[in-house]
Amino acid sequence: MGMRRLADFSIRAKLRGIVALTTILALLVSGLAMVVHDSLAFRKQKLDDLITQAQILGSISGAALTFDDPKAAQEYLATLKARPDIEEAALYDARGRVFASYARSSTLDAPSLAEAQGYRFEGDRLTLFQRMQEGGETSGTIYLRASLGKSARLRRYLAIVLLAGLGALGIALLLSAWLQRVITEPLLDVTEVARGVLERQDYSQRVVKRSEDEVGVLVEAFNGMLAAIQHREAALQEANEALHAEIVEHRGAREEVDALNQDLERRVMERTAELETANKELESFSYSVSHDLRAPLRAIDGFASLLVKHQSDRLDAQGQGYLERVRAATQRMGQLIDDLLRLSRTTRSEMSRRDLDLSELARAVVVELQVGSPERRVSVSVAPGLKANADFTLMRTVLENLLGNAWKFTAKKDEARIEFGRLEQAGDTVFFVRDNGAGFDMRYADKLFGAFQRLHAVTEYSGTGVGLANVQRIIHRHGGRIWAEAEPGRGAAFYFTLSHGGRA
Amino acid sequence: MSKVILLVEDNPDDEELTRVAFVESHIANELVVTRDGAEALDYLFGTGAFEGRDLRVMPSVVLLDLKLPKVDGLEVLERLRADERTRRIPVVILTSSKEQEDVARSYDRGANSYVRKPVDFTQFLEAAKNLGLYWLVMNERAE
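Residue numbers (my numbering), protein chains in the order written: chain A, 1 to 504; chain B, 1 to 143.
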């Protein structure tokens, strides 16, 4: 584990550290100041004391020097035993020679000659030479050397400072313990609650406010924040519940819609299947019709024809006429079957729209009509560039029928005219096929487009009455309309539209 | 060696009319008639009632109806085209229908021609005459 950063220590430890450090620092500085001051004062005091001592010694031993009584001087000096700090002492005569001396220990190091008046501090020692004056003249010199006892003093001082320091530290720690209660406990409260919030997401807890200081403000802010969060959480919870309810509701609705859709789909599928079945039946019906219904007709026509051809001598004219009628009816029946099949194909066939040139298609149909009856002289006018979006095959059937009818019903006209063109009517593009043929009575116009409905006798104009029914179906499949205008003997016009794509 | 025509036709009326039409058109070739698809296949491959038939004699043209009992015309055509011995025999579909589907399916399976039997006997005669002329006289078959 690495060193913990200062910032990572608890506030409690930091406070304790700050108090201890401050205390120790203050003690050190004040202790040092005291030691310095004291040592300076002590030196001054010691010097004064030593000078006074030297003066006393000088005054009492002056006589001994005058009377040259070293013994007495020696005794005076011996009184210095009372002063344990003085290690050595000596008395010099006027000429500077040792007159008497004293040493606390056995060895004496006193200089043999007096030095000039003065003092000096050497290590733990103070050395003093003091002149003795008598009548304005130097009578002798006193030498004193004292131990300062510095290290002992220092030790004492250190002990005092240490003791004081320890005491102060103890007090400081007590103080910090109290401070802790005052400062850190409210903070610890905040911490405790914050931890609870983090762990249990319980925003209902509050910190008790103990003071009005910054921590108090913090506590208030913290409580305010908790209240705000609690409020928001409640709102959120409410919103969530509402949302959940809504989701449940939506899900229900969607399930209902799904069920309805499935039901609808199922029904559509059923209907489609039914329709497909019906279509298949219709198809197989048409198939049977086209195969099976024609075979007997062929037999009737074939054998009737063979009778006419090979047995004509056994039949009179009437009998032969009847056989011809049998043949005609048979062929007409065959034609009806073919037209019926065509009509059913129109309804069943796939329709695919594309852009067509109706003018081109019409011209192609006219060419075929002309080939079919080369003797006819018909003036046909096809407007150029008539475009439409429609199914090609079906539109071909439409034009074959309409132009074919026009061709047919103008057969008895000397100057037959057929016109294919376009006009605009109420915003619609209307195509038309017009002729100057037989026309018809508008009273019967509603029967025009019915299957097998005819407005002319078969003997007059051939046809089965299926063509226009077929055309109408095709136009309706394209989303268009078809109608006709006619006058008997003056001609007919057929109009039709083709929705979305029947454009100019 | 006389050229044989195989007519596959279940309707006796149509068979008779076809015979008459060929006679009227002076087509004297042998006309083999089978009444359904299965019989036609028996004839072509020498099986069933035609067991032991000389298979070197193959029809110059097969006139095949589509709607047949047992095996229908399209299947007969498929089997014909799938077999090495019969794949090159000209097959003319001769039927009542002119439904586009029938026409397309016939050509898809390898029919050489598709002729719709007209109701009008005069037209029928014409068609039979043209068929005989074309497939028996003009057409060159692969040996």
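Check each hint, because a few of them may be wrong.
Straight-line alpha carbon distances no greater than 27 Å define the calculated DSSO-like cross-link-like pairs of lysine-lysine that follow [claimed, not checked]:
| id | chain 1 | residue 1 | chain 2 | residue 2 |
| --- | --- | --- | --- | --- |
| 1 | B | LYS70 | A | LYS280 |
| 2 | B | LYS129 | B | LYS98 |
| 3 | A | LYS46 | A | LYS209 |
| 4 | A | LYS387 | A | LYS413 |
| 5 | A | LYS280 | B | LYS98 |
| 6 | B | LYS67 | B | LYS98 |
| 7 | A | LYS309 | B | LYS67 |
| 8 | A | LYS44 | A | LYS150 |
| 9 | A | LYS280 | B | LYS129 |
| 10 | A | LYS408 | B | LYS67 |
| 11 | A | LYS150 | A | LYS81 |
| 12 | A | LYS447 | A | LYS412 |
Read the hints as simulated data drawn from the structure, not as lab findings. All of these numbers come straight from a predicted model, not from anything done at the bench.
Each hint tested on the structure:
no., hint, in the structure
1, B:LYS70 to A:LYS280, "22 Å, holds"
2, B:LYS129 to B:LYS98, "20 Å, holds"
3, A:LYS46 to A:LYS209, "62 Å, violated"
4, A:LYS387 to A:LYS413, "31 Å, violated"
5, A:LYS280 to B:LYS98, "18 Å, holds"
6, B:LYS67 to B:LYS98, "12 Å, holds"
7, A:LYS309 to B:LYS67, "30 Å, violated"
8, A:LYS44 to A:LYS150, "14 Å, holds"
9, A:LYS280 to B:LYS129, "37 Å, violated"
10, A:LYS408 to B:LYS67, "36 Å, violated"
11, A:LYS150 to A:LYS81, "20 Å, holds"
12, A:LYS447 to A:LYS412, "23 Å, holds"
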